[in-house]
Amino acid sequence: MTHDNAFPFLTVLVLLPAGAALVTALVPDGIDERLRRLAVHVLGLGASLATLALAVTVAARYRAGNGGFRLVTDHIWAPQLGISWHLGVDGISLFLVLMAAVLFPLVMLVGGWSGDKAATAWLLLLEAACLGSFVALDLILFFLFFELTLVPVYFLINGWGFANRSYAAIKFFLYTFLGSAFLLVGIVAVAFIHEHQTGHLTFDLVALSSTRLGTASQVILFLAFTVAFAVKAPVFPFHTWSPDAYAEAPTGGAVVLAAVMAKMGTYGIIRFDLTLFPRAVVDLAPLLLTLGVVGILYGAIVACATRDLKRLVAYSSLAHLGFVVLGTFALTTQGVTGGVVQMVNHGLIIAVLFIVIGWIYERRGTWSTSGLRGLQRPAPVLAGVFTVAMMAALGLPGLNGFVGEFLVLLGTFLTHRWWAVVATFGVVLAALYLLWAYQQAFHSEPDEQTAAVPDLTWRQGALVLPLVLIIVFLGIYPKPVLDRITPSVQRLVEHVDQATGTHEPAVARGTTVSHTTKGSRILVTAQHDTVGP
Amino acid sequence: MSVPGGWYLALAAILFSVGAVGLLVRRNVLVMFMCIELMLNAANLTLVTFSRMLDDIGGQALVFFVLVVAAAEVVVGLGLVVAIFRRRENATADDLHILKG
Amino acid sequence: MIHAAFLMFLLPLAGFVVLALSGRRLGDPLAGWVGTATVTGSFVVACITAAGLLGMPGPARHFDQTLFTWIPVGGLNVKAALLVDPLSMTMALFVTGVSALIHLYSIGYMKGDRDYPKFFLYMNLFVASMLLLVLGDNLLFTFVGWEGVGVCSYWLVAFWFGRPSAASAGKKAFLYNRLADVGFLVAIFLVFERTGTLQYQGIFAHVSSIDPASRTAICLLLFAAAAGKSAQLPLFPWLADAMEGPTPVSALIHAATMVTAGVYLMCRINPILGLSHPAQLVVASVGVATAFVAATIGCAQQDIKKVLAYSTVSQLGYMFLAVGTGAYEAAIFLMVAHAFFKAELFLGAGSVIHGLDDEQDLKRMGNLRRWMPLTFATFIFGWLAIAGIPPLAGFWAKGDVLDNAYVRFPALWFVGLVTAALTAYYMSRLSALAFWGDDRWRDVLKARPGQHGQGAEPHDAPRVMAVPLVVLAVLSFVGGVLLLPWHPGWAPLSWLGPVFGARLYDAHLSGTSLWVLGLVDTVVALGGLGVALPLWSAQAHRPELEPAVLQRSYFLDDIYDAVIGRPGQALARFSAVVVDNRIIDGAVNGVGRLARLSGTGLRRVQTGFVRQYALGIVIGAVGLLAFMVARAWS
Amino acid sequence: MTELFAAAGHLAIPRISYLSIMPVLILLGGGVGLLGISALWPRQLPPSAGTAVGVLVAAAALVASLVQWVDVSNHGPHVAIAGAVVQDGFSVLISMLVSISVLLALFVSDTWLKRERVGGPELQVLMLVSASGAVIMGEANDLIVVFLGLEIMSIALYVLAAFNARRQESGEAGLKYFVLGSFSSAVFVYGIALVYGATGTSNLPQIADYLARNVLLHQGLLLAGVALLLVGFAFKVAAVPFHLWTPDVYQGAPTPVTGFMAAIAKAGGFAALLRVFVSSFGLLRSDWQPAVWLVAVLTLVLGSVVALVQRDVKRMLAYSSINHAGFVLLGLQAATARGVEAAAYYLFTYSFMVVGSFAVITLVAGPGDAAHDLENYRGLSRRSPWLALSLTVLLLSQAGVPFTTGFLAKLEVVSAAVGAGSDALAVIAMVSAAIAAFFYLRVVFTMYSGAPATAGAHVDGGGGMPAELPRPSGALLLAADVSVAQAPTAVSVLGEQGTGQPIPSGAVVAISLCVAVTVLFGVWPAPLTSFAHLARLIIQ
Amino acid sequence: MLASATAVDSAVFVFGAMIILGGAFGVVLSRNPVHAALMLVATLFGVAVLFIEQQANFLAAVQVIVYAGAIVVLFLFVIMFLGVDRLENLAEEPLPAQRPLAAAMAVLGLAGLVALGVEGRWSVGAHQVVGAARGQSGGDVEALGRAVFTTYLFPFEATAALLVIAVVGAVVLARRPSGRMPGPSEAGGEPAGAQPSPLPVGEGEDSSSGGPGELEVEEVAR
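Protein chains in written order, with our numbering: chain U, 1 to 533; chain P, 1001 to 1101; chain E, 2001 to 2634; chain H, 3001 to 3540; chain W, 4001 to 4222.
It is worth saying that the hints were derived from the structure and are not from the lab. Take the hints with a grain of salt, since some may be wrong.
Label-pair restraints from in silico Cβ distances [unchecked claim]:
hint, chain 1, residue 1, chain 2, residue 2, range
1, W, 4031, H, 3382, 55 to 63 Å
2, U, 501, E, 2057, 49 to 57 Å
3, W, 4008, H, 3012, 35 to 43 Å
A virtual CB, placed ideally from N, CA and C, is assigned to each residue, including glycine.
Produce the entire structure from the sequences given, and follow the hints as far as they go.
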């Protein structure tokens, strides 16, 4: 951990959208409506773009090195409570930050709410909270941001959502809030055990990672943490808020929920569970892996029976996050890296899917596959964009989705073979429901109503084009991303290994194996015996 | 040799219980107040008994304050009763249940 | 010049990008020409590269071109790299060559289609993916191409997505492949786990350190993938449905190139496969079984393209038989020859279909040799080639396969032989129905106002379509003859030696045996031909020879539907409605309801009667008192 | 103490440390003084005048508390007036909290008095005197002083609850409160008697001292007394099952009084409860902790669960206050310095939230103080956006949403509980908070939805229409600073646009202050948490 | 145990206890509130007797004067004034389970306390913390006075506040509402126009009957 810079990039990164939210809310109501809308629009877009620029700067300044935290800011915030304003990025969080920063300007524009004062303010606040939770290195600070996201989302769903929005909003809020209840208690308990051992009350992740915890307490605390994260992600069987919330949320809200906020759950698992409770992670890995696999299959199976495109995407999201869980608990470099990559990829993909579905709704007033037919004929570009995202979602190599899924499965295979094999079938199921839905909605000859549907406008095309390009680019050349993620992941995996005395398979690390382009390598066959379940 | 404190205490306990039960079973608000007075008296008796057993004047001083409190309570309580039941015929505590749930 | 190898797949890819960006503006037929040009360019590059490779000394014919590092994570270091060796170049040459011809053909065939530019867009992408598959220097990169051709196949089969059947067929093709690909992925994992690399050379260098069980597992897993891609038992039903796509697609993807990818893959991993006898047996058995089963089905199909589709399946079965017997070179030989004659057949069929206003039913054809002489003339070559009539390519290639089977697994050889007879039979049936007999198509054309106008008569294809037909016909003939080992110096196939290793393929057959076996093949082929031709040119309706079980491909679709499809749907519905809605969501809502209910229940305590409140306090007080006193007591 | 009796026949009046009781004296004297002014005033004393005097008094009490704080910081905690009162960090914090609460409540009641026109300065007088009782409870160092403080506070509250003679509910609330309150007082006194008997003294340090020096052969008497004392306190702080009066009284009492009562009664009750139990009965904690544990669980769960089904907002907040009491009990159950601190912090922040909430409710209730149904809140965001926003902030803070003081308060008590090993209790508390969030959100949602929700149009295939736009019209985060910054103009901003009636500035001040504190110290917690850190009992 | 006491003491205790309990049961069981008040007097008197028996002479006097003399009179006054002296039918109990539960609780609580006493399971505290209650030169009055003005000085002062509240409270409560008293259903409405005239409020220190006194005047005038 180094303080690379005098300039507090991350603090600004978090506070910029928050401040913009404040300013937006202060735009007086009295002035001319057009002027007000313009001001709000400029504020919202400007702030989110500025945040994006800042995030890009952060990424540009980021040097992977040994995978430790960079751009660290550490100030005492509430001294009596041991809370500090401790921010930092590493390879794991860097791309989540970037992804969030990329998506928020888009969300500002696609929701049909640009210029709406309240929506813009909420969105900016949400952006601040999302970014905050990805860069917070203090547990309570993380929790603060983690929880803060609920409020804007609640209002966004409730204010701009669809027919059943209030049910969905409150279900979302309560469910996640309930999950967080355990998290908070868990956080506090860790801090107190640490205080008991060192006499120093702190919620600092780096400090707490050295806390010595017995196996039993690790397991309990791990469960407390993981319930909250599992709800947020969502991980089977804690997912039932998500179809409702995704379906009822406005397009932009659904994008943020599924693309950014869901990642806070899986990110939390990687960042906190693995750091704080390595023993429990190793011991309970089979359980979590099973949940991940069940999520993958179950999400896909239910998606097969879903005719509502948004719900379908929600269930597919369950499946995709199952991969993240799988990779995480594989506890191999490939698995965890794949999980992180999958988080980013899934965010991008699902954003496109939800945005396109939103546009379909604008055009046809429905997103049920049974109400749609033959969309591809009148709207080939829209269909094309959807196809790209869909193909990425079902893990077509060459698009970004594949890289994450492959790494996850490979990494899992190295330590937990049969889970990986079963999960691989999820790939088939993903193709099944996505293609089926695609066929329903886009294929066949369109009926009269659909035939009159306009294709994407230039503006809309320009909105999704960056995402599509990123999807393709990350599929073809993920190296820049992987190079930054891997050192941090290796650090984490090493931490787990050291704390538990387990060893990542040599193949995964590739350190003990001499490696040349010809692929000549020496393998100790005895090591293979320890591999696998 | 006087009567052992335990007997006084038991008596006070009985008095206290009778007062409490009275409060529970009587509907007339004024009688309920009286029951509270019974309970306070039980407490006072206890205090005096302890004061004697411990040979400590503090207990009696406490009784003194309890008496004052009892008086103040009664004044306000009766004021309340007057304010509420002024226009009612034969109102009881059970008649007051607008507020519930 | 060998360094230009990457251009091979980059050119079609560039074509794809150009068409994606401005296909609509280019329009019909310019878009088609762009597509054809890039693929042709690719073919030229392939030729140059091959020449470069030939310039190297035999055993060193191997060139690795790393483009960039693709996935570097820990011990995993996957490069985007091309492997240029005799095997991949053989594949690349015929893939690009056939593709170029079919592109050319398509310019005419697809004329006037609504999505004309898009067709070439997909086709170009397909060629690029296919080349990726062929040229990839590691399993994962091959997998990229593998999936790429799969998705292109999906798009192209579902090209006429307005027809629900086409859309379904595309989906079906993709799903079958996807399912099979599980095997591929798991094999990749296993390989990585055992060897720490995915690069072919690296893997092969460590074949000996892989334990036998894993070897077999790897081979069988990859074979599962190959069986999906190459439509082997039990995963072949998709190929017949895939005929919903435009005929050039069937010719290119579902006959000449993509479906052979499985064979290529098995050949590619020959160093592992060669060490696993169980896997070899499985491959050979499945191959020959598929060949036989598909041939029987082919005997009863009415749709001209479906007959060809099953024949493709059958031929692929032969190829696997060859692979399983270790006769990789034979497999490749058959693959190339098959690419020629099957493409020829498909294009001919396409010409027929084109001429009959999209009629595909054999029973509504007949006597077309009169009206479409060029088509007929070229078709004959394909027909006779596949039937195994010497000296066409099919005879030599198939003979090679059967000879090897005869040595390794005589039982399989016998099945293969029977299949050869069937092949000759059903192909002759097809030809008879289409080109002999009566003009059964007249009422069809009358009833349907097509581009030819009512009552018009079928005619030959335009010149752009004719050229590929002729070229392929020539190749079907020459392909076999030229490849024969006329004299020791002329052994084109021996250049595959470095890839497969001489030790793996040795027929051990004397010259006499070879002659005898060849004779048997010929007799059998002629027998099938002789039976079918008179039988079916005389009469088109012979229900007794077309049992339903064959017509409906052994009810395989129905069985899958009953065993997997419908239970799957039921499971999905059950999961969605009962598990998710009632149980999981029900539990969540139930907790909410429980809270509400208990709230409602508890508020009843709040009666509004002050005396009851006092009672509550008393109860609480007594409770506390009892608790405390009890503590004191103990 | 014995030197007092050294000279027989000569009465040695103990030195009176006026600073120690200065807030009490100011509040009490101010109350009586206000009474005098109003009596001497030729005509009806206008409510503004009463408010002005009351606010001055409260402010003076606050200043006095600050002086006490300086004194404690410089000279350390000490007892005064023959050991009857104590001046330590905790007591100072409580008297500040009470002073501020009464100050805010006076602002709110000013609005109410003007609107309802229910007479003179007695309301303010009673509030001031009641507050003095709460302060006494906070600094009481003797059970009898606790009892007297409790009675001073409670008797005033009984009257305040019944203050609105025009509403039957008000009278009923007063009487119910009185009957049950006196009943619990009697129990409490009996408890004092038993404890006195068991220890020979009613002085808190002496009790602790006695328990520390002697091993009781039989603890029955003592523990019975402790149980009864707990009953008395639990009644005051509305802990289950002694909470039954709470909903009725909160609902029936005049709204500003409800807010005041919620803040003061809890503060006073918990102040004394914490001091008595943690410092005097600290050695018995293993005996009473399980009981408190159980009470806390019941309180947490019942408070949140029953509130779910309430439609009357005041009543709902009554149950929510029960839930909050459960949280403070976490601090007591921990029985550690951290627990006391956490409880103090919780009470401090809660008083702002609850007074502010009831201030808004007072305004929404309208003339007659009757419109408390949830339906009355529908569309409030349109009628008066800032009011809706303020209530949103306060309710979210009560729910424990981050970056509000409510969250930190919950964090503190949960920390205390976990620190004391009561993890299960902490989990239950947080779960109850999640349940509670539902009803807070329901109010918020109602405020921000215009027309009745388009029910039943579930999107079962895209049949749903995009919602009409009942949109929140402001950002939550800002409310505090905004309303403070714009306080002068806020009168018109807050104004109910429907009626064109400006909202009285008294309520504006109170609400702004509450919201400001809630958000400001939620975002910037250091000052308040450091402050609460000083809330140390003299003996623990 | 009783036997160990002197006969007189025992007799006085028994006598006092009988009066106390008789009065207490009388309060609870009298159908007429007036009778209940009178029974209360008996109890208070009995308690005073036991005070004397335990050398709390001053408190006994205060008990009789303040309780029996003032408080009970106040009760009676209000009973008469409001005319709520109807007989209460004690045979019926509208609230189900109220009586059985009350009885059960009383028995349980009492059992606990009494059992503690009889078993002797309680240790009593330290002797003479504040000051000796017996054997003082000035008797218990002086001892009490000394305690109240030294140890209990602050509580003593605090009682002043209590009395202030009592006065103010009584005044506030007794004041006639200026408007109607709407039922719960029609709650709200316009506040009545007329302001109530402020009652003259004395700063009386202990006039606990001041409030009701004023009330009487008003009611009579009506």
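> Looking back at the hints listed earlier, which ones does the structure fail to meet?
Replying inline: none
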